[in-house]
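Q: Sequence:
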Amino acid sequence: FIEHHKNDLAASLEATIVDILMDKLRKAAKNLKINEVAVAGGVSANNGLRNSFREHAGKYGWNIYIPKFSFTTDNAAMIAITGYYKYLDNDFCTIDKPAYSRVTI
1 FIEHHKNDLA ASLEATIVDI LMDKLRKAAK NLKINEVAVA GGVSANNGLR NSFREHAGKY
61 GWNIYIPKFS FTTDNAAMIA ITGYYKYLDN DFCTIDKPAY SRVTI
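Residue numbering for the sequence shown follows the numbering used here, starting at 1 and increasing by one per position.
No lab work stands behind these hints, which were simulated from the structure alone. In this text, all values refer to a predicted model and were calculated from it rather than measured experimentally. There's no promise every hint is true.
Within a straight-line C-alpha distance of at most 30 Å, the following computed DSSO-like cross-link-like pairs (lysine-lysine) qualify [said to hold, decoys possible]: (1) 6 with 24; (2) 24 with 59; (3) 27 with 86.
Start from the sequences, fold in the hints, and give me the full structure.
A: Below, the structure is given as structure tokens:
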């Protein structure tokens, strides 16, 4: 079943996630009395989310800010190029180095 319905399952999952995100956003906007909403980062490349933002903006009178599609990359490219330059500089650490998400580069 799954193998034959991958596209439908993926679309249903995407729609459910967008619905949940928009429900949370509606509640937050109402509770915090905000009418300006921005979406950014890699997730802002998702057409379903972009369309839902536009629909909600019209329905709830929000001012929305969505970057041009060409500016919707996530941080993966930035991290990859940093790793590349560190590799070229022979800047390595040991495998037992703990991860730290706020490290300066």
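Q: A separate judgement is required for each hint: does it hold in the structure or not?
A: Against the structure, the hints:
1. 6 with 24: Roughly 27 Å separates the two Cα atoms, so the pair holds.
2. 24 with 59: Since the Cα atoms of residue 24 and residue 59 sit roughly 16 Å apart, the hinted pair holds (cutoff 30 Å).
3. 27 with 86: With Cα atoms ~44 Å apart, residue 27 and residue 86 exceed 30 Å; violated.
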